[in-house]
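**Student:** All chains should be modelled from the sequences, with the hints used to inform the complete structure.
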Amino acid sequence: MGRLHSTTEAELAGMCGKGLPEAQEELYGRYASAMFAICLRYCGNRDDAEDLLHDGFIKIFGSIRKFRYQGAGSLGGWMGKVFVNEAVSRLRKKARRDIRSVPVEESTLTIYDETGTSDDTLENVSPEKLIEMISELPDGCRSVLNLYVFEQKSHKEIARLLGIKENSSTSQLHRAKAILRNKINRLKNGNENRR
Numbered sequence: 191m192g193r194l195h196s197t198t199e200a201e202l203a204g205m206c207g208k209g210l211p212e213a214q215e216e217l218y219g220r221y222a223s224a225m226f227a228i229c230l231r232y233c234g235n236r237d238d239a240e241d242l243l244h245d246g247f248i249k250i251f252g253s254i255r256k257f258r259y260q261g262a263g264s265l266g267g268w269m270g271k272v273f274v275n276e277a278v279s280r281l282r283k284k285a286r287r288d289i290r291s292v293p294v295e296e297s298t299l300t301i302y303d304e305t306g307t308s309d310d311t312l313e314n315v316s317p318e319k320l321i322e323m324i325s326e327l328p329d330g331c332r333s334v335l336n337l338y339v340f341e342q343k344s345h346k347e348i349a350r351l352l353g354i355k356e357n358s359s360t361s362q363l364h365r366a367k368a369i370l371r372n373k374i375n376r377l378k379n380g381n382e383n384r385r
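For the sequence shown, my numbering begins at 191 and goes up steadily by one.
Label pairs and their calculated CB-CB ranges:
| id | residue 1 | residue 2 | range |
| --- | --- | --- | --- |
| 1 | R193 | T360 | 43 to 53 Å |
| 2 | K208 | Q260 | 19 to 29 Å |
| 3 | A262 | G380 | 39 to 49 Å |
| 4 | G207 | G263 | 14 to 24 Å |
| 5 | H195 | R258 | 18 to 28 Å |
| 6 | Y218 | L320 | 19 to 29 Å |
| 7 | R350 | E212 | 35 to 45 Å |
| 8 | D241 | K271 | 12 to 22 Å |
| 9 | M323 | G263 | 23 to 33 Å |
| 10 | K208 | G267 | 18 to 28 Å |
| 11 | K271 | N375 | 28 to 38 Å |
| 12 | R258 | N375 | 38 to 48 Å |
| 13 | G380 | Y259 | 41 to 51 Å |
| 14 | R350 | H195 | 32 to 42 Å |
Treat the hints as calculated values from the structure; they're not laboratory data. The C-beta atom is built at its ideal place from N, Cα and C for all residues, glycine as well.
**Tutor:** The structure is reproduced here in structure tokens:
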């Protein structure tokens, strides 16, 4: 990895396209932690995230010739999209099954509609804790929440990506928010009780 550390994104991508192991190792070294963060967001546990990271880099190395350099940061952006697509592809079958089997209860919608979470409550939650809470969501809820919030997909796009109905995407997002709101409120109440 040492002698390629000053290689530009475009040069590195070109060298990886030629299958040079040294370049692939450098690419992995530069981007593995950022791609692992994406994997964790979608998988919810380290073992599955590590599997996705491995498979994602295999996909990257196999398709890097398709990458077109468009300025600084474009390689990382392209790789992020490949990893998101790989994660969505993996989750599609599982999410379809999970979303269909999990009824959205009336009480969940009531919690979402009636329970407000103030901005100061969210300020008390560290990003690490929030990611942990998201990782604990049911798979279908987590997939929809990630696509909607982090990837800024519409419910129509989410429905197409996951092979579900648009209404299922909407209800799973509401359910995810309700669960998170409940967890945040419990955390806040627990912290207040310790004072």
